[in-house]
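Given next are the chains, with one letter for each unit.
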Amino acid sequence: MDTTRFIARHVVNLPKSGIRDFFEVVSKMQDVISLGIGEPDFDTPWHIREAAIYALEKGRTHYTSNLGLIELRRAINRYVEKNFGVSYRPEDEILVTVGVSEALDIAFRALVNPGDKVMFHQPCYVSYHPSITLTHGVAVPVPTYAKDNFALTAAALAAAWQPGSKLLMLNLPCNPTGGTCDRAQIEAIAKFCVEKDLLVLSDEIYSELTFEGGHVSIASLPGMQERTIFLHGFSKAFAMTGWRIGYACGPAALIEAMMKVHQYSMMCASIISQEGAIEALLRGEDGMKSMREQYQRRRDFIVRRFNEIGLKCHLPRGSFYAFPSVEKTGLKETDFAVGLLQAEHVAMVPGSAFGANGAGFCRACFATGYDQLIEAADRIERHVQKLAAKR
Amino acid sequence: MNPLIKLLLEGGGLSTAQMAQVLNLNEAEVNRQLDQLKKDRLLLGWRPVLNLADEDAGVVRAVIEVRITPERGGGFNRFAERISRFDEVESCYLMSGGYDLLVFVNGTSLQKVAAFVSEKLSTIEGVLSTATHFLLRSYKEQGFLLDVKSEESSRLKVTP
Numbered sequence: 008m009d010t011t012r013f014i015a016r017h018v019v020n021l022p023k024s025g026i027r028d029f030f031e032v033v034s035k036m037q038d039v040i041s042l043g044i045g046e047p048d049f050d051t052p053w054h055i056r057e058a059a060i061y062a063l064e065k066g067r068t069h070y071t072s073n074l075g076l077i078e079l080r081r082a083i084n085r086y087v088e089k090n091f092g093v094s095y096r097p098e099d100e101i102l103v104t105v106g107v108s109e110a111l112d113i114a115f116r117a118l119v120n121p122g123d124k125v126m127f128h129q130p131c132y133v134s135y136h137p138s139i140t141l142t143h144g145v146a147v148p149v150p151t152y153a154k155d156n157f158a159l160t161a162a163a164l165a166a167a168w169q170p171g172s173k174l175l176m177l178n179l180p181c182n183p184t185g186g187t188c189d190r191a192q193i194e195a196i197a198k199f200c201v202e203k204d205l206l207v208l209s210d211e212i213y214s215e216l217t218f219e220g221g222h223v224s225i226a227s228l229p230g231m232q233e234r235t236i237f238l239h240g241f242s243k244a245f246a247m248t249g250w251r252i253g254y255a256c257g258p259a260a261l262i263e264a265m266m267k268v269h270q271y272s273m274m275c276a277s278i279i280s281q282e283g284a285i286e287a288l289l290r291g292e293d294g295m296k297s298m299r300e301q302y303q304r305r306r307d308f309i310v311r312r313f314n315e316i317g318l319k320c321h322l323p324r325g326s327f328y329a330f331p332s333v334e335k336t337g338l339k340e341t342d343f344a345v346g347l348l349q350a351e352h353v354a355m356v357p358g359s360a361f362g363a364n365g366a367g368f369c370r371a372c373f374a375t376g377y378d379q380l381i382e383a384a385d386r387i388e389r390h391v392q393k394l395a396a397k398r
Numbered sequence: 027m028n029p030l031i032k033l034l035l036e037g038g039g040l041s042t043a044q045m046a047q048v049l050n051l052n053e054a055e056v057n058r059q060l061d062q063l064k065k066d067r068l069l070l071g072w073r074p075v076l077n078l079a080d081e082d083a084g085v086v087r088a089v090i091e092v093r094i095t096p097e098r099g100g101g102f103n104r105f106a107e108r109i110s111r112f113d114e115v116e117s118c119y120l121m122s123g124g125y126d127l128l129v130f131v132n133g134t135s136l137q138k139v140a141a142f143v144s145e146k147l148s149t150i151e152g153v154l155s156t157a158t159h160f161l162l163r164s165y166k167e168q169g170f171l172l173d174v175k176s177e178e179s180s181r182l183k184v185t186p
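Order-wise, the sequence lines are chains A and B.
Anchor point for the first sequence: position 332 equals 339 in the working numbering, and the numbering is continuous, going up by one each time.
Anchor point for the second sequence: position 114 equals 140 in the working numbering, and the numbering is continuous, going up by one each time.
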């Protein structure tokens, strides 16, 4: 029986993630140094793990409020107010979710009517475009460029804007480019959103990993809190990817709409993860800063090496990704990545997995040990030299 | 803090060549900085951290609480330095609370450690009393867990 005919059309037409293809190849190989992992190499700090164990011992094994534990929402408000300069009512303006991924999904489901246009900057995290498609929205990609260090510019937004645009999806600092915007750039984007009456979905998951210049949340700008849903989580800053815990903050009516979808699909985020998240917010700042310092030193090293090797690479101001250009090798990014993997057993993700204008680049995650980074850089250098000799 | 010290404290066990790569220095410069740190007495030396339980090295360790009468003019320092000079003494700290010095001692047998306490330590003029606690088992040494085998990383090789 042909079971595929039961699959919904919009899912059939959804392309498979480019990362998944690459993962299939890499997972079958031995001794690979992978710069293809989008998560911290640190385990979650022990005090956070221990708090979750203690919660289990205490019998904290039940459902929580749909919105999440009130203690956690209060802690989120204090943390966001202190670090992002914007305050939300724990009672009705904060929703705890299963990672930012769920927050994003329910935001789209709560906000997008079929045919509504959603703008997002590209290259971007792999799920943005498909998530828009799954809610029958129309994706409107806005390119970012290496010449701007992959910051989103208001000019690019204006050029890409189409009538019927309703939402703007931001991810600053950005996976995969590490690009982010300074205050002036964010202000220009905010002005554009007000002019065009756009609601902003701002995924700020990498904000703590901003190395220079500080992070500016668009929600903190005058007039923007009322038209922004601020999305954040614990995965990157607190090394808690597997806990799947995040949150959305925004105007009460919008949080209520998202909560409706959340309560019928997810009910609530795992209580154990919520307990761990409280501990992370209350006592995790020192550990987070120490991880950030280490990422910064690794970034400086790997970016310098890419440029020495001749793979031109801008200095990512945030995240733990470098996004070097492989143009010099004369190869397409997919061919370069596959060749590198086969010849030198180093995995980098082809930039085109993050959208069409990621072509010509590869993503290298530097959240890995120095010895691995040093060895990976040496192998990449050898590979690039061999390619040059062949040409 | 000096970037080289930060790198050392991260505990990656990097070679000087690797440290040079990370810090964008040449190896000679890294060696020069290490020498300077030693000259400045900021870097005192290198010791391996061993799991002596597994090694069955026949080492007996004890922690001794020592009460002493401080001297006019010198306080505790002269006594502390005198005690610290014994080879048996691994570490020696001035403490707040119910005793003055906390002394970590090791020896090849229980008798040898006991002899050190009774013949050397407690006979020093000014030592009022000692309380010796023998270490039975070690769980963590210098930041390393002893009984937790390092697990093969379960991270996926490629994730979005």
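By construction, these hints were calculated from the structure, which means they are not laboratory data.
The structure displayed is predicted, hence computed values, not measured ones.
There's no promise every hint is true.
Unchecked claim - No farther apart than 25 Å at their CA atoms in a straight line, the calculated lysine to any residue pairs in the SDA-like style are these:
1) B/LYS183 <-> A/LYS198
2) A/LYS296 <-> B/THR185
3) B/LYS64 <-> B/ARG87
4) B/LYS175 <-> A/VAL310
5) B/LYS183 <-> A/ASN73
6) A/LYS319 <-> B/GLN44
7) B/LYS183 <-> A/GLU31
8) B/LYS183 <-> A/ASP28
9) B/LYS64 <-> A/PRO22
10) B/LYS183 <-> A/MET8
11) A/LYS319 <-> B/MET27
12) B/LYS175 <-> A/HIS143
13) B/LYS175 <-> A/GLU215
14) B/LYS32 <-> A/THR217
15) A/LYS296 <-> B/MET27
16) B/LYS32 <-> A/LYS319
17) B/LYS183 <-> A/GLN232
18) B/LYS183 <-> A/GLU263
19) B/LYS183 <-> A/LYS65
20) A/LYS35 <-> B/ARG111
21) B/LYS183 <-> A/GLN379
22) A/LYS339 <-> B/MET27
23) B/LYS183 <-> A/GLU351
Evaluation of the provided hints:
no. : hint                  : result
1   : B/LYS183 <-> A/LYS198 : violated, 41 Å
2   : A/LYS296 <-> B/THR185 : holds, 24 Å
3   : B/LYS64 <-> B/ARG87   : violated, 28 Å
4   : B/LYS175 <-> A/VAL310 : violated, 34 Å
5   : B/LYS183 <-> A/ASN73  : violated, 34 Å
6   : A/LYS319 <-> B/GLN44  : holds, 23 Å
7   : B/LYS183 <-> A/GLU31  : holds, 10 Å
8   : B/LYS183 <-> A/ASP28  : holds, 12 Å
9   : B/LYS64 <-> A/PRO22   : violated, 59 Å
10  : B/LYS183 <-> A/MET8   : violated, 35 Å
11  : A/LYS319 <-> B/MET27  : violated, 31 Å
12  : B/LYS175 <-> A/HIS143 : violated, 49 Å
13  : B/LYS175 <-> A/GLU215 : violated, 32 Å
14  : B/LYS32 <-> A/THR217  : holds, 20 Å
15  : A/LYS296 <-> B/MET27  : holds, 15 Å
16  : B/LYS32 <-> A/LYS319  : violated, 28 Å
17  : B/LYS183 <-> A/GLN232 : violated, 38 Å
18  : B/LYS183 <-> A/GLU263 : violated, 38 Å
19  : B/LYS183 <-> A/LYS65  : violated, 36 Å
20  : A/LYS35 <-> B/ARG111  : violated, 57 Å
21  : B/LYS183 <-> A/GLN379 : holds, 13 Å
22  : A/LYS339 <-> B/MET27  : violated, 43 Å
23  : B/LYS183 <-> A/GLU351 : holds, 15 Å
When held up to the earlier numbered hints, the structure conflicts with 1, 3, 4, 5, 9, 10, 11, 12, 13, 16, 17, 18, 19, 20, 22 and fits the remainder.
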